[in-house]
Amino acid sequence: MGEEGLGKEGELNKFMTVVTKPDSRVEIQADGQTEGRDGETESSGGLCPNLPVNTAAFTAAGHEDASQTAANISEETLHGEDVKENRDSTEDAESQQDKSSQLGHMSGQQESDSRQVSVQQPVCDDDNDEEIMRRAREEGRVDVVFPGCVTQDGCCRFVCELLKCVLYQRQQLPMTYDQMVFFQKQQLATTQLEEGAVRKSIRPSGDSTWQRCQRTLRDLDEVLGHLEVLFSLSYVPRVLFILGSSGILPTELYEINMEALVQGGSDRSLRTSQCLRRLFRTLFVADLLSDVKPVRLMGTTIMALAHRDCGVEWFKPKVDYRVPKRGKRQVISLASAASGSGQAKADARDWDDYIWFQTPVTIKGFCK
Amino acid sequence: MEVGWNHHQHPCGDGIADRVEVHIEVHVKSQSTARRAEVRTHVLALLDRHSLVMGFFKWTEFDDDFLTKNVESVAVVDVEAQPLDLKLSSLCIHIFSLNDDGPSMLNLEEEEELSAANHWLLPAAEFHGIWESLVYEEGIKAQLLDYVSTAIFFSDKNVDSNLVAWNRVVLLHGPPGTGKTSLCKALAQKLSIRLSGRYSYGQFVEINSHSLFSKWFSESGKLVTKMFQKIQELIDEKEALVFVLIDEVESLTAARNASQAGTEPSDAIRVVNSVLTQLDQIKRHPNVVILTTSNVTEKIDLAFVDRADIKQYIGLPSAQAIFNIYLSCLEELMKRQIIYPRQQLLNLEELDTLNYIESDVTELSLHLQKIAEKSVGLSGRTLRKIPFLAHALYAKTPVMTVERFLSAMDKAVDHQMKEREKLVNCV
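These protein sequence lines map, in sequence, to chains Y and V. Counting along the first sequence from 1, when you hit position 300 you're at 300 in the UniProt record's numbering, and nothing is skipped either side. Counting along the second sequence from 1, when you hit position 244 you're at 244 in the UniProt record's numbering, and nothing is skipped either side.
Just so you know, these hints were derived from the structure itself, not from any lab. Given the structure is predicted, the values throughout are model-derived calculations rather than measurements. The reader is advised that the hints may include incorrect statements.
Said to hold, decoys possible - The following label-pair restraints were derived from C-beta to C-beta distances:
no., chain 1, residue 1, chain 2, residue 2, range
1, V, N158, Y, D352, 53 to 63 Å
2, V, Q343, Y, K364, 49 to 59 Å
3, V, Q281, Y, K293, 21 to 31 Å
4, V, S218, Y, K364, 29 to 39 Å
5, Y, K325, V, Q343, 54 to 64 Å
Claimed, not checked - Calculated cross-link-like contacts (lysine-lysine; reagent style DSS-like; alpha-carbon spacing at most 25 Å):
no., chain 1, residue 1, chain 2, residue 2
6, V, K69, Y, K318
7, Y, K316, V, K69
8, V, K238, V, K215
9, V, K396, V, K418
10, Y, K318, V, K29
11, Y, K164, Y, K364
Glycine included, C-beta positions come from ideal geometry on N, C-alpha and C.
Could you put together the complete structure from these sequences and hints?
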């Protein structure tokens, strides 16, 4: 991987940075599990050692670079934690044997976690990476298997992070979402500081670019916010990102299929940050989103399959919508490893009650 | 939606052939998520309660909470203006909701900014109400509808086209401003509603014919091919009924013999050839209808005219049609309270039953009829402008009575006629 890869890793790390906080709550709740969960992180780090090492190194260098002068203190602290976390996991990677013996001493409650570890192991194999790449290349499909159930909240975060990632990697945003938010804040801060001075000169490269940037961000934020609402109202098994001028004849279509995910309560589910890490690792291995050719700027529409009576208001229901079969179609399928954890399987639902909902806004791509 | 094939050859009720077929269009609100089957049950119950209608009728208010919440309107459409008992006829219920996204562009080349075609998903909100607003001689609209639905029906039944020849190319021709393009759009909208049981959605592609000519010599033919490849992609979706509109078709199919005289560049011949062969290509698919319009028929290549099955002349409206057009204009202005107070105007059938005898009741309608007779020769587009001109030029007050508005319209028509004469004299 060249510079592109560097960008990715930095991005990945940022996703995790964001997730760190809410998850600490889970750890406190299930105190006994903390150790076991840590063990699991270690194992994932240990089995694919190159990724976290890179990540740690890149974050240290790449991030200072990106945020330049204006990195504020809170961000730095968050970063410090993250780097530390990664370093820990790499250190542990060297003593993988130790850890597995550690797992042997676990209490009954932790057994499920150890089983999850065993489920995880084959996924990080080199053969498996090749298989992932082959599938992505030939079938346009990436399968991500989580070793347990996830929360509904987690599903929403997967979709939101994937959306940000797709927009950036498909060249509809000039930089990552978080960088854009950061730059916008910075811009607003300078504008406010020099209030009273000549306003026009402060604005960066022309008003229209600035306005388009703000508009794209506003639209994207709106979509992300309403996706959260939708996820809180209904079970959402499938989400489509449609890039191109129309929903019927899209240029590119990305489907996030979560039908095989088993959802559970927050106390019995995997940590979202870990799942995100797994998800993006697989995605980068599969190399599904990169393209050597420059991609044209297009509009992005999001469709989500949800219950017809969920009462969501912002989205437009499309009762007769059918997923187009033409054009470039790629599927990111998320699943829970068959664990028989007593959760109701998703396929027991009445699919007839699920209809497509479309976002009323399209996120227009822009470049600098 | 749930109704199968609805065509007169194939009654959709319980198979009793002598029953009259009545089409009911149910417009579901776009925010509704109700099951179509449930909507259908409630609509049938509604029709059962109010089974006697006088010709065209539209419900917009309901005594049923479910319908109020989910349905915009229920309309009995395309029937003769006579009493009708719905219980004695077989009902074809078409349930649809409108797509309110505007047109999207189809681009031929990645970097090309100019779009080669506009693309709508049918039924489109933009096309709603056009069908009702178009007024033609008795039967033209119904005939066209039957023509096209028969053509689609034949294709659907896999009739061997070597034995029975037909195609799905429609050519509408006639003077400008008579609503040819609008009729194409309305026809597509209507058919996509009518055939919603057979096809899950309709698509409407309006080709910008000028975008198919390249600045590079000999590239135009290829652009046409590219365009049709795009359309082919749409057709490949078997669930979709695709309408392709080529407006002002003479620009694409200008007579090739003109080029033999040396007045037409040879690149243009290639375009004609390309269009003709491509049309033959896509014609084979059962789910495509090609709609074309032109107002200079004599310039169109004969080979193209020959390919069009349905060649309908759309002429200037007759006095009767003009009367109906004016009537709909006045209705709208009364609804918006620009003409106030509201007064009932009689339609032609009612005037006919009263034998056109002048009385208090018929006075206004007869005045309107006189204006209509005077307006013969104006195009539909101009006619729809007359009420606006009347208000702009001859209204003294923003809100006026029907009587005063009619005399203003009278003057506006005179004015329009004079203008036209002047134009003709100048030429």
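Right, here's what the structure says about each hint:
1. N158(V) - D352(Y): 53 to 63 Å: Since N158(V) and D352(Y) have Cβ atoms about 31 Å apart, the given range 53 to 63 Å is violated.
2. Q343(V) - K364(Y): 49 to 59 Å: At roughly 50 Å between Cβ atoms, K364(Y) and Q343(V) fall inside 49 to 59 Å, so the hint holds.
3. Q281(V) - K293(Y): 21 to 31 Å: holds, 30 Å
4. S218(V) - K364(Y): 29 to 39 Å: holds, 36 Å
5. K325(Y) - Q343(V): 54 to 64 Å: Cβ of K325(Y) to Cβ of Q343(V): about 56 Å, so the range 54 to 64 Å holds.
6. K69(V) - K318(Y): holds, 17 Å
7. K316(Y) - K69(V): holds, 16 Å
8. K238(V) - K215(V): Status violated; Cα separation ~35 Å.
9. K396(V) - K418(V): Holds, because 22 Å separates the two Cα atoms, which is no more than 25 Å.
10. K318(Y) - K29(V): Satisfied, since the Cα-Cα distance of roughly 11 Å is no more than 25 Å.
11. K164(Y) - K364(Y): Holds - the C-alpha atoms of K364(Y) and K164(Y) are around 13 Å apart, at most 25 Å.
Of the numbered hints given earlier, the model fails hints 1 and 8; all others are met.
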